[in-house]
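Work the whole structure out from these sequences, hints included.
So the protein sequences, as listed, match chains S, R, X and E. If you want the working numbering, it's the position in the first sequence, counting the first as 1, plus 115. At position 124 of the second sequence (counting the first as 1) the number is 122 in the working numbering, and the numbers step up by one without a gap. If you want the working numbering, it's the position in the third sequence, counting the first as 1, plus 561. If you want the working numbering, it's the position in the fourth sequence, counting the first as 1, plus 15.
Worth flagging that the hints you see were computed from the coordinates, not collected in a lab. Only a predicted model underlies this, so the values are computations on that prediction, with no experimental measurement involved. Quick reminder that beta carbons are idealized off the backbone N, C-alpha and C, glycines included. Misleading hints may appear alongside valid ones.
Have a look at the derived ranges for each label pair, beta carbon to beta carbon [unchecked claim]:
1. S/A146 <-> X/V608: 56 to 62 Å
2. R/C25 <-> E/Q44: 38 to 44 Å
3. E/A154 <-> X/P605: 26 to 32 Å
4. R/W177 <-> S/G491: 30 to 36 Å
5. E/P145 <-> X/E773: 41 to 47 Å
6. R/C25 <-> S/G491: 14 to 20 Å
7. S/L454 <-> R/N4: 16 to 22 Å
8. X/E773 <-> S/D377: 54 to 60 Å
9. S/S308 <-> R/G101: 46 to 52 Å
Calculated cross-link-like contacts (lysine-lysine; reagent style BS3-like; alpha-carbon spacing at most 27 Å) [claimed, not checked]:
10. R/K55 <-> S/K500
11. X/K768 <-> S/K645
12. S/K410 <-> S/K374
13. S/K516 <-> R/K184
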Amino acid sequence: MDELKIGVYVCNCGTNIAHIVNAEGVKEAAAALPDVVIARSYRYMCSNPGQEMIVKDIQELGLNRVVVAACSPRMHERTFRNACKTGGLNPYLFEMANIREQCSWVHADKLAATEKAKALTHGAVNRVRHHEPLDSLTAEMCPSTLVLGGGIAGMTAALELAMAGHPVYLVEKADHLGGNLARVDSTAPYLDSARDLLTERITHLRENPDISIMLNSQLKSLSGFIGNFSATIETNGGPNPPERKVIPVGNVVVATGYKEFDASRITHYGYGKLPDVITSFEFEQMMRAGRIQTKSGKPPQYVAIIHCVGSRNQEFHGYCSRVCCMTALKYANEIKSALPDSYVSDVYIDMHAFGKGCEDFYKKSSEIKTLFLMYGKNESPVIRKAGPNDDCGMLIEVDEKLSGERIEIPADLVILMVGMEARPDAGEVARLVNISADKDGWFIESHPKLDPVATTTDGIYIAGTCAAPKDIPDSVAQARAAAGRILAKIAKGKIEIDGVFAEINEDRCSGCRMCNELCPYSAIEFYADKKRSHVIPAACKACGACVAACPSGAIKGRHFTDQQIYAQIEGVLA
Amino acid sequence: MAIRINPKLVTAIAKYGAEDVQKCYHCGNCSAVCLHADETFNFPRKPMRLLQMGLEKRIEASLDPWLCYYCGQCSTQCPRGAEPGETMMSLRRWLTARYDFTGISRLFYQSWKAELAAILIMAVLTAAGFLLYGFSYGDLRVYDGPGAFLPSSAVHIFDWAMAIVLVLLLGSNAARMWWLTTGSNKKIKFDFWLYVKKLYTLPLHFFTQKRYADCESRQPWKLHLWLMLSYVTMLVLIMFFLEPMQAGPDIRWSVHALGYAAALGLLVTVVYAIHGRVKKSEVHMKHSHESDWIFLFMLVLVTVSGVLQHVLHRAGTDMAANIAYVVHLALVVPMLTLEVPFSKWSHLAYRPLAMYLAEIHRVALPQPKALTEPAELMKMAS
Amino acid sequence: MTEKKKLQIALYWGAACGGCDVAVLDTNEFILDIAAAADIRLWPIAVDGKYKDVEALEDGELDLTLFDGAVRNSENEHIAKLLRRKSKVMVAFGSCAHMGGIPGLANLTTREEILTTAYLTNASIEPGNRTVPCTETQVDGLKLTIPSFYKRAYRLSDIVDVDYFVPGCPPAPDQVKNVVLAVVKGALPPRKSVIGASERAVCDDCKRTKQEKKTKHFLRPYEIIQDPERCLMEQGILCLGSATRSGCGVRCPDSNQGCRGCYGPAPGVADQGAKFLSALASIIDSKDPAEIEGILSRLPDFVGYAYRFGLPASKLQRSHRS
Amino acid sequence: MSYEPKIVGFLCNWCSYTGADLAGTSRIQYPANVRIIRVMCSARIDPTFVMDALAQGADGVLICGCHPGDCHYSEGNYKAMRRFPLLKNLLKSYGIEDDRVRQAWVSASEGQRFADIVGDMTERVRALGPSRVHSTLLADQRER
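In structure tokens, the structure reads:
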């Protein structure tokens, strides 16, 4: 290839860099490096004049490599790549040295910081020599979408997509739609009927011709990549043997929901032993049946509601399940209106009343004389049978935080607000669709703040409580957001694939298949006939696991090649 | 050892006035704004909590409600409208009922009809008694001197008899108060000299109510003080100078001047109070329990009838004066016998006593340390 | 027929076992063709020739030198440089010359340790004999010198400019033919290239079927009855084949032994052992550090295994103990 | 002038490199001895890189990735985790001191942790003195 012409630009970032790092010194050191034809330092490289400087040099000095020593590439790599593009240079012929976040901002010793900045810049210059122009690829986008889970989130996402006229496959494990919402009587804080919400959704679903609802069905395998997945669905329709169906889909919405915490795991609540200790879902059943009563059929005089069962407790789940507080208040209200002479004790850790109308709901609940009792994290109450002389069935012993007293709460009926936990099959689902789950089993979003519905696998989106505990409005919002993201992609028609991915040199690959199992995105396929492995660019996320592992050096990690990294090592140590 | 809570108490206390207790979510603003609350006597928040949880024994043992003069700051500041001030008031009523071993007090607070009935009966009995006495020993047309219908000497003896009964009743209740709050408290060992040393606080708070003066607005304190002093003045005149008071018809300024001042004080302050409660013009007047109304109206009637019999006597219309006098006695006797030991008026004894005992608690009880340093708070939290 | 000048060749062994020379003989009848077609000017193991004869040659007079063995002492170096000067084509012949070979493993110890073991502590030393060779000695007033023993072993290419590499321990006989014929025909590949080996790893020529790989345990060959059809790695038997240049004819795996890596790294691989490590560890089927440690503990002397033939060619080349 | 160790740090883009950036944005100070090289995932870190860095004169090498279970590529860091003990075993045979090469998990939110790790490692490597690898290899060239 023609001779290298490298331009190096050292940013002062106002004084952010220059007050510690001697930018001029770094510039001069860089200028002295081989192949560097121009080195400049400037106040703000990311500013328009700064970028224009690069564009101008590319065009006038014919630079074919550009290095900017400035902030973190996570901050401005894209900015400068675009500048290169504008200058007519392939954006991948650019490299950044991070002399702000990892230099001027973390070191006080000016000399040492400057030396380090020089080294990092040297590394970048060395590296950029080996950069190659890369082009992004494009692939077709299949307009149909697979939605996993027929709960409120799944149904909403499916409707949103279908209403835009795109085919949707709604896969539900159970024999009916509705998920956990179908087990609920009414919703907090406005006490609307959950049934109404569901019937509205379900009727629309059934009416819509673009939606094929697959009940008693599960995803068995998912291959391919964004825009070009092929999903195998197994339907287990009662007597007749399970049938498998392979459907082509462009995107997948995972809305598999949650499972409630198993209250019997907390032995001192006596759930399963004391007949009148029930879970929130069992109470919902009572409400749906329309009668609040103890096992002996009597209406309870004292009702106690215990919050955070399995949540916010190091022994079980550290996180907050987010919906229990308002649900508990809902119960307090329902009980008071059904049994005005009853006494409701609400035993909580903290009252989480965020969200519309919830603080008011909390106030309202105290106005109806609900007795709020606070217990401490990790010292949860103990429930025992009451004595013959007590006017109640059970006694709950607990350290009450607001009074500092150790108290006994009378109760005839105890409702345990069981928290949410990841479904036992969450790990399996994550494996099937190639997304990751955190330590609690919740699926991980691509960015917790900026990209809460996408995952690190293109074309796979998450919605509802499979990502984290959520209330209905949030689940619905996330479902619609996921649908929106997919619609945008479908509208675009084609998908663009970043030029950075791994590629296998077939002349070097010996078909040892060491790499096949390593890819988290099953992007490596094996051609049995040729005895060669091959990377599907669109499916590859460029992590480089296979590149490092290929024993015969046949896999090349584009933009992170061995040569580039060796050169950088040499540079930073020079 | 865990103590059993009683969710029912909150409902029960409503009869004593507090209806919003359960709205409190313990932000602590009330205790923060209260100038009298401190680490030892942390009210209104703490008593409110005890009340919410129905820990009656704890409340019985607490002096907190009596240390509050109900300036109403807490209620104004409360973000939840839980009316801490009124709750303190209600707790005072509840405690009064608790201290009273006869149970009459509980009856009165829970049913104003009962209270009213008791007053009527008492009035009738008194009237009957004095009329019988008058007609058998004197002449309705004579007000004072020989043959007087109700000779002051006789009334004087009656007054003293009644006073002794009242003091005994109130005294025994006060004693119960001491026992519940202090005597029975294992942590406070009896220290005679301490009681002697702190004794001065009793009259101090009784006559000055200086703590009331510390409250945010001083106006209520002035009125309350005026009312109280007028009342006491009148009491002293009646108990010690009844003869000179009744002698006439010419006015003896040496005693009457004071009498008029006291009567005026009583009238003005009570009328002001009634007006305030009707208009709900101030925080501490927003909520009025039936017992408050009965108390005020009795006081008004007593004062007016008293003034009336005096004026009629000076005017020389002795017969009218005598009738007015009987009416006056028929009002004042039930008021004193029922209100002082069993109702609102008892606080004239309980409050100063509470202040006195509080002083003893401060010395005798281990003082909780004030948590002001954030660092310490953090330590507590972790 | 006109007198065509015969091919001038030399063979030399540095720090070597002689196996490479035997490999030359293993070309059977072809050796006769060589003898007929070429003057063997130096071949210490087989032909009588003196260094001074070589020194007497013109520079570049030799057409081909096959140098086997690592460079371990001053004599090796001297002759290497001499032959380099005298020959047109210098070939690093066999694993030792190519990568340091078995003698290269000595780089994990020090010169002192080696001499102590060989001349003092070795069981076969006759009692009381404390003779240790040293570069210079006085005997009856005469100064005797022997070549000096270096701190470590070197590849031939560390010492002189090498034209071609013929890997293998030893190189397969037909590779010898290929080289000689190539020189005769003048049909040589670009300089510095590896002759007689494939661009791919051994697996490419290995007959065994290969699946996706995940392993929970490593076995020594005697620990299982192995399936001759299936990839050895999948059976838990270490095999360097995937990290080794092919060309040997899959001799070891075909005889149910894991490949030992004598042909060196595949092209484009900087460090054979490290690369194999990377691959091997990646396919371990565990996420538990303790379990991983356990699985790896079944690999005694990993360095000796991964760098059996290439320690001096590795990134770190030798022990760096103080 | 006292000896200043040179440490090469290989950081995964998503957790550790971001964590190091966070240390920057939060102005958490740490020694200037570490030279950071960004890779997309700790699984990309070829053991050869570590050996190369040592051969090129690094006194220490630091490998950082996401905490186990939190990998952006779901399981990349486990691959790094599996390679590391074997790499250490190899380096031991090469006579490289234990403290010179270290693997640590640093999440995107652990700027302070990253700073602490660098601080601690710098001290350990300083205590070991300069690495002999580079100098020995140069000396070997002189021997010939």
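Verification of the supplied hints:
Between S/A146 and X/V608 the CB atoms are about 60 Å apart, so this pair conforms to the stated range of 56 to 62 Å. At roughly 40 Å, the beta carbons of R/C25 and E/Q44 sit within the given window of 38 to 44 Å. For the pair E/A154 and X/P605, the supplied restraint of 26 to 32 Å holds, since their beta-carbon distance comes to about 31 Å. Between R/W177 and S/G491 the beta carbons are some 35 Å apart, a value that agrees with the proposed interval 30 to 36 Å.
As the Cβ distance of E/P145 to X/E773 is approximately 44 Å, the hint placing it in 41 to 47 Å holds. Under the hint 14 to 20 Å, the C-beta atoms of R/C25 and S/G491, about 19 Å apart, fit the expected range. Separation of S/L454 from R/N4 is about 18 Å and conforms to the stated range, judged on CB atoms against 16 to 22 Å. A hinted range of 54 to 60 Å is violated for the C-beta pair X/E773 and S/D377, which are about 36 Å apart.
For the pair S/S308 and R/G101, the supplied restraint of 46 to 52 Å holds, since their beta-carbon distance comes to about 50 Å. Between R/K55 and S/K500 the alpha-carbon distance is near 24 Å, which keeps this suggested pair within the 27 Å criterion. For the hint linking X/K768 to S/K645, the alpha-carbon distance of about 14 Å falls within 27 Å, and the restraint holds. Between S/K410 and S/K374, the direct Cα distance comes to roughly 25 Å. Compliance with the 27 Å bound is thereby established for this hinted pair.
This hinted pair checks out: S/K516 and R/K184 have alpha carbons roughly 24 Å apart, not beyond 27 Å.
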